[in-house]
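Please take these sequences and the hints and turn them into a complete structure.
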Amino acid sequence: MKKFGKLEYYLSALVGITLLNTFLGERFASTTLVSILIALTVIYKGFVVIDHFMELKGANRNLRMLMRLYFVLFPSLIIVSAFY
Amino acid sequence: MKSHPISTSLGIFPKSWSEDKAGRIPGNIPIWVGILSELTEFGIFFAAYFIAKFYYPEIFAQGPQSLNTALGVINTIVLLSSSYFMAKAMSHIRLDNRKKCERYLWLAVSCGALYLLVKTWEFHWNSLQGYSTSTNEFFTVYYYMTFNHFLHVGWASCAILWVIFRLRKGAYSSEENSGLEALAVYWHMIDLMWILIFPLLYVLR
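For the record, the sequence lines run as chains A and B. If you read the first sequence in my numbering, its first letter stands for residue 1, the second for the next number, and so on. If you read the second sequence in my numbering, its first letter stands for residue 1001, the second for the next number, and so on.
Mixed in with the good hints there might be a few duds.
Straight-line distance between alpha carbons at most 27 Å, and here's what the computed DSS-like set of lysine-lysine pairs gives [stated by the list, open to error]: (1) B:Lys1169 / B:Lys1099; (2) A:Lys57 / A:Lys6; (3) B:Lys1099 / A:Lys6; (4) A:Lys57 / B:Lys1021; (5) B:Lys1100 / A:Lys57.
Here are a few chain B residues that face chain A, going by a calculated C-beta distance under 8 Å [as the list claims (entries may be wrong)]: (6) Trp1017; (7) Glu1019; (8) Gly1023; (9) Arg1024; (10) Ile1025; (11) Pro1026; (12) Trp1032; (13) Thr1069; (14) Val1073; (15) Ser1081; (16) Ser1083; (17) Ala1087; (18) His1188; (19) Asp1191; (20) Leu1192; (21) Ile1195.
The set of hints was computed from the structure by calculation and includes no laboratory data. All residues carry an ideal CB built from backbone N, CA and C; glycine is no exception.
What follows is the structure, encoded as structure tokens:
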């Protein structure tokens, strides 16, 4: 039997979060809490791809910081937009 | 005359960003110049989205309900899977397992093709519902963002085919795979942009 490794775990988590986000968006009106939850999960998804698929964890720290900053900045705007 | 490898000699980034001081650069410097340019381009799209949403909150609250969410979810899963296949291809070339590397690259390019098919179907479905770029501000932003992303997936899929061709010619090994890695990080960047686009256009009301 094939080993369920780190990449498989992260892929499952990413797919699970995508389905959860869709459920939240479909089931509930976009309350501030839902928007914050979605923004946080987007940050997590971005960090997983940056660190484990792009393999920036342990690579160039400035590129990693820049990529992670991007994935904090724009999801944060989701939270800001919830207060429009 | 002193020669410098391309990955450290372009002089575009400050010295503190060099591989010696800040750590290994996956792929090569030119691909990162491209990636940072693309991030800026998509950053402008995201800024346009938030500005438009500020001025037209009701249109942006209704917009996602007009879209086919199932197709958006399918494309998200397809792109996440493609990123996984690309990461697996990289792990196999590091083991000099070209056969498995090629297999995962074919899976990644298949995901790219599937994404393009689903997105084309979605554009068609939208037009059947009577939606176009000029329907309202939400759809202008939607087409602006998604068609641009569509083009990126299209040319990056062609690049995967090129990399498969090069792999078959023996261009990559566990020792030298920077070209393959450059494509891998570019592909992951495209996936990252979709990770942001999906909730903005399909989920948030």
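Exercise for review: Mind listing which of the numbered hints don't hold for this structure, in increasing order?
Suggested key: Of the numbered hints given earlier, the structure breaks none, since each of them holds.
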